[in-house]
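Q: Sequence:
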Amino acid sequence: MKVERIPDAPELKFSDEEKIHKIDSKEFAAILSGALLVLKRKLGDIEIAGFGHRVVHGGVFFSEAVLIDEEVREKIKELKRLAPLHNPVNLLGIEIAAELFESVPQVAVFDTAFHQTLPKRARTYAIPQKLAEKHSIRRFGFHGTSHSYVCQKAAEYLQADLRELRMISCHLGNGCSVAAVEYGRSIETSMGMTPLEGLVMGTRSGDLDPGAIIALMQEEGLEADALDQLLNRDSGLQGIAGLSDMRDIIARSTEGDDEARLALQVFTHRVRKYIGSYAAVMGGVDAIIFTGGIGENSPVVRHRASQRLDFLGAVINEDKNHDVQLSNDQPVVDFSMNHSRVKLLSVKTDEQMEIAMQSARVVEEKDKVNCVPQIPIAVSARHMHITQETLEELFGEGYQLTERNPLSQPGQFAANETVTVVGPKNQIERVRILGPCRSKNQIEISRTDEFFLGIDAPVRESGKTENTPGCKVVGPNGSTVLKEGVICAWRHIHMTPEDASIFGVKDRDVVEVEVSQGDRALTFGNVLIRVSPKYKLEMHIDTDEGNAAELSRGGAAGALISTEGQAQLRKRRL
1 MKVERIPDAP ELKFSDEEKI HKIDSKEFAA ILSGALLVLK RKLGDIEIAG FGHRVVHGGV
61 FFSEAVLIDE EVREKIKELK RLAPLHNPVN LLGIEIAAEL FESVPQVAVF DTAFHQTLPK
121 RARTYAIPQK LAEKHSIRRF GFHGTSHSYV CQKAAEYLQA DLRELRMISC HLGNGCSVAA
181 VEYGRSIETS MGMTPLEGLV MGTRSGDLDP GAIIALMQEE GLEADALDQL LNRDSGLQGI
241 AGLSDMRDII ARSTEGDDEA RLALQVFTHR VRKYIGSYAA VMGGVDAIIF TGGIGENSPV
301 VRHRASQRLD FLGAVINEDK NHDVQLSNDQ PVVDFSMNHS RVKLLSVKTD EQMEIAMQSA
361 RVVEEKDKVN CVPQIPIAVS ARHMHITQET LEELFGEGYQ LTERNPLSQP GQFAANETVT
421 VVGPKNQIER VRILGPCRSK NQIEISRTDE FFLGIDAPVR ESGKTENTPG CKVVGPNGST
481 VLKEGVICAW RHIHMTPEDA SIFGVKDRDV VEVEVSQGDR ALTFGNVLIR VSPKYKLEMH
541 IDTDEGNAAE LSRGGAAGAL ISTEGQAQLR KRRL
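The numbering of the sequence shown is this note's numbering, which starts it at 1 and goes up by one.
Because the hints were derived from the structure by calculation, they are not lab data.
Hints may contain errors.
[Unchecked claim] SDA-like, lysine to any residue: derived pairs with alpha carbons at most 25 Å apart:
| # | residue 1 | residue 2 |
| --- | --- | --- |
| 1 | K464 | T387 |
| 2 | K134 | A122 |
| 3 | K120 | N547 |
| 4 | K273 | T254 |
| 5 | K80 | M217 |
| 6 | K77 | S33 |
Sequences are here, hints too, so could you generate the full structure?
A: Here you go:
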C-alpha cells in the first residue's frame, strides 16, 4: 500500500491492483485514517500480525525496534523538539493505527537506532558537556534503516560477510546523509542531533558555520521559528537555485543556468568530501554505495561524486554508470572499473522492507518466555596476544611461553612472560602475555591506558587488527615495533552453541547485558555475541568497564535484558 501526492491530492494504491483510491482531505490525520480504513476493508478477515512504524528520532532512549506502549509513545512525543517535522506525524500514525487495529501489536523502528554504535569521539560536540547532557545535544544520525539495508545488500552482492567490510553508504534524496559502516557497525555519519547537519539537501542547508547563524540573528533579527524556516525549508538546493528537485537542477544546469550549475557543484562536492573523510576515519574502504532517489537514478551525480577518488582505489566506469537500471530483480549494480579495488555500487534501498523485517522479529519474539541463566562476567586487565615470531624477537630464538595459570576459556592461559608496551607519551610495564601463541599480534588496552600511552586505539573485535595503530614492545631479550594491533576490545560474550540456543541468540548478534549487583547497577549496551564449541559461557569487559560498575575480578554476573517486561532479548542482527 502506498499513499502519494500528500497533502494536495492524496491517492492510495495497492501493489496488486491498478485502482486508485482517492482520499478527500488535506489533513494528515484524515489522510492516515482514510488510508487505513481502505486497508481494513480490503483485508477483510485476513489477520494482521503487526504494524511497523518508522519513527525518525529515538534519541538516547531507543537503540532498536520496540513494541509500542504508553511509555514509548511519551518518549516519541518528548523527542518532538529534535525532529519537529517527523516525530509528531510518526506518532499520529501510531495512534490512528492503534485505534483502528486495537489488538494488533504496534512496533516502532527508529531511524537513529542503527547509529547507536557511534563512538563517543564521533557523537560528541565540543560544547560544555553539562549543557550537552542536559539537552541531549549529540550526534544521533538518521536514515539508519536505509544504511543498514543497502550495506547488507551490497555485502550479499559482493559475496562477502558484512562484518569483514568497510563501507561508505551515501543516501541521496530530498534528505541526504553519509554513513561510515565499519565491519557492520556505524562509526560515523553526517547527520547530527537533527537531520539538518551534513550534506546539502533539497531544502536543508547541511553544514553551516554557527557564526553565520549568529550573524543572521543579529543582522536580520531572525528568531528561532524564522531560523527553522530558513535552514530547514528555504535552504539547500532550494536556497542556491530556487529548485529543490535534483532532476530540475540537472536540466537547468544543462541549459546554462548558472545557479543550477552552482547547486549541482556544491551538492556533489560535499558528497565527495564526506567520502574522503570517512575513508580516512576507517583507514580505507572496500565499497562506496549510492542509494536513495538521487543516488539510484542520477548518473550525473554519481559521476561528479565519484570523480578524483582514484587515490582510494575507486575508479568509475562511465559506461556502466550511465547504464545503471535498478529493479527488484537487480537491486545492486557495480559501476566501477574491473580493476577498481574499491567497488562503486548503486543499490536500490527498501526502507519499508527493513522496517517490516525488524518489526516481524519483534512481534515473533514478544510472546517468548525464557528462564535464562546469569552470565558470568570476567574483568580483563591489559594483555598481549603474541605470534611465535614476535615472541622469539623479544625473548630469544626458540623461546616457548610458560603457563602461569589457566584461564576460563578452554586451552587459554596467562603466561609467566610479560612485556613493556611503549607509546608516544608513556610506557606500561609488566603487560601479561596470554597463550598459546596466535597468528596475529594484538594488544588489548583500556581507554585509560589509551590516553596514558598516547595511542588512539579503536574499539575492535578480537582479531580485527587491520588499520589499527601499532607501538613499540620491549622484552628481556630485544624489542620490536608493531605496525598494527593495539585495540580496545569490543565487550563480548563467549558462548557454546548450546548456550546460544538457551539465550535465543546467534553468533555476531549484538545485545545488552544488565548488571545489578552493588550500588552502581548499569546496563552494558553493544555487547557482541561470539559462539563456538570451544568457548565457555562468559562475558569479557575491560578494567574501565568493570570499575564503572564496581565489579570485582570474580563472582560478577549479568543478564540479557528484556523489553516491555517480557523475555524478548534486545538484539540487533549484524
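Q: Looking back at the hints listed earlier, which ones does the structure fail to meet?
A: Violated hints: none; all satisfied.
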